[in-house]
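Start from the sequences, fold in the hints, and give me the full structure.
Line order of the protein sequences matches chains A and B.
The first sequence begins at 1 in the working numbering and counts up one residue at a time.
The second sequence begins at 1001 in the working numbering and counts up one residue at a time.
Take every hint as true, because none was put in to throw you off.
Keeping only pairs whose Cα atoms sit at most 30 Å apart, straight-line, the calculated DSSO-like set for lysine-lysine is:
| hint | chain 1 | residue 1 | chain 2 | residue 2 |
| --- | --- | --- | --- | --- |
| 1 | B | 1059 | A | 78 |
| 2 | A | 118 | A | 140 |
| 3 | A | 13 | B | 1059 |
| 4 | B | 1059 | A | 118 |
| 5 | A | 118 | A | 72 |
| 6 | B | 1059 | A | 140 |
| 7 | A | 118 | A | 162 |
| 8 | A | 3 | A | 26 |
| 9 | A | 102 | A | 161 |
| 10 | A | 162 | A | 102 |
| 11 | A | 25 | A | 292 |
| 12 | A | 210 | A | 102 |
| 13 | A | 3 | A | 13 |
| 14 | A | 210 | A | 25 |
| 15 | A | 12 | B | 1059 |
Just some of the chain A residues that point at chain B, by a computed CB distance under 10 Å:
| hint | residue |
| --- | --- |
| 16 | 60 |
| 17 | 79 |
| 18 | 82 |
| 19 | 89 |
Source of the hints: derived by calculation from the structure; they are not laboratory data.
Backbone N, C-alpha and C fix where the C-beta goes; we use that ideal spot for every residue, glycine too.
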Amino acid sequence: MAKQVVLLVGTKKGLYTLRSDADRKKWTADGPHQAPAPIHHATYDARDGSMYAAINSTWGGSRIEYSRDLGKTWQTSKNPAFPEGSDRTFFQTWHIEPGHVKTPNLLWAGTEPAALWKSEDRGETWQLNQALDDQPSRAKWVPGFGGMGLHSIAIDAVDPKKMQVGISVGGVYTSTDGGASWAQDNAQTGGKEDRPDVFYCIHKLLAHPKVSGVRFMRVHVDVFWREPGETAWRNRTEGLPSTFGFAAAMHPRDRSVAYVIPLDDTKRTASPPGIGVYSTNDRGATWTRNDKGLPPGAALESVREGMDTDLLDPLGVYFGTANGDVWASRDEGRSWERAAQYLPYVTSVHAATID
Amino acid sequence: MTVPDRRPHVRILLHGAYRGFAGGAREVTLDAATLREALAALVRAHPSLAERLRDEHGKLRAHLSLFVNAEDSRFVGGEDATLADGDIVHVIPALSGG
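Here is the structure:
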């Protein structure tokens, strides 16, 4: 069967899907699902075809839902629950990460209050990762502007026991034993400041899906790269128009390519000269602005989960904006076409490549 | 508080999003002497409501209004509000914000 691309688009008022064939020239929108609930993140699990959505509703409390039929019907997970006696209460889900192909049925979720949760039954129930919760340094975690959440879960391409999590504002933690133990992982080279306790505010941390040990990290201040075997984060901000931003993506095949959307640190919208996707093909050593097809000078905004790629060749790159647009590139990020407009504020875009 | 030997027959009316949380149910008839008992019986009838009514520590969700007949339950004893035969409990997702 020909491949199709399904964009799971989370908004502040429900979940939308945008579907296209492999040409990716025409998109068909469907939704919203669960409006008016805010959808912080939605994802597709290529291992079994499941979809997951972080539905952060005020009515009935936040919940995770899963679909086994590509979004036609949805079921509700048993909520993540802090243990009896805890002074914390599950508030909302920030990110859902399917596990490694070597660990079927296993998923991870990050929440606010910042905590890591593991599911061993394809998202039906969730258990607190006690080892991370017991970190003495947790006392130093503080809320960022958007709250205090765990939003990045980076699983190594080859060894699923090697993983990192990113926390706002709590820094990076690394595990080499599948989450049984954790160590702070905030050493950097080339940064302007040194905050070994929490490493500023992590905005997005990604593991390359094919090459073990390659990581790309978008932090409140600066972007960082890590090569296999390295133990520090290498500052790779030079060449970008600002140090700030949220959205980030890695090329799923080319281990030297990544994408970011720089924003103005104070306005939180695209820095002059307006919205643009910056790409690197040399692991962040240099950056190239890509804005062909994007509205010239527009001060758009794309947030933490706002950008993703498909798996096709040439690569499709996608991002959503706060004004309800979804932009698509069919040529590895060089030029852009609008795939949807007039949606609610887009909070997340996940590209599912489906056979 | 005196709990009668026979629990009063009451109706629970689900409104708005809470119908969806209960699989589309609009009304449940059950026996309960207090609002707390009524909510417990409601969850037994529709387990999917458990986490939609309370958080993991048992606290009632924010943005949830419970009325006994025309009275806001907060002003008639909260979950200890007593129920009588024929009473109607409304489970309402609270409208809030601007």
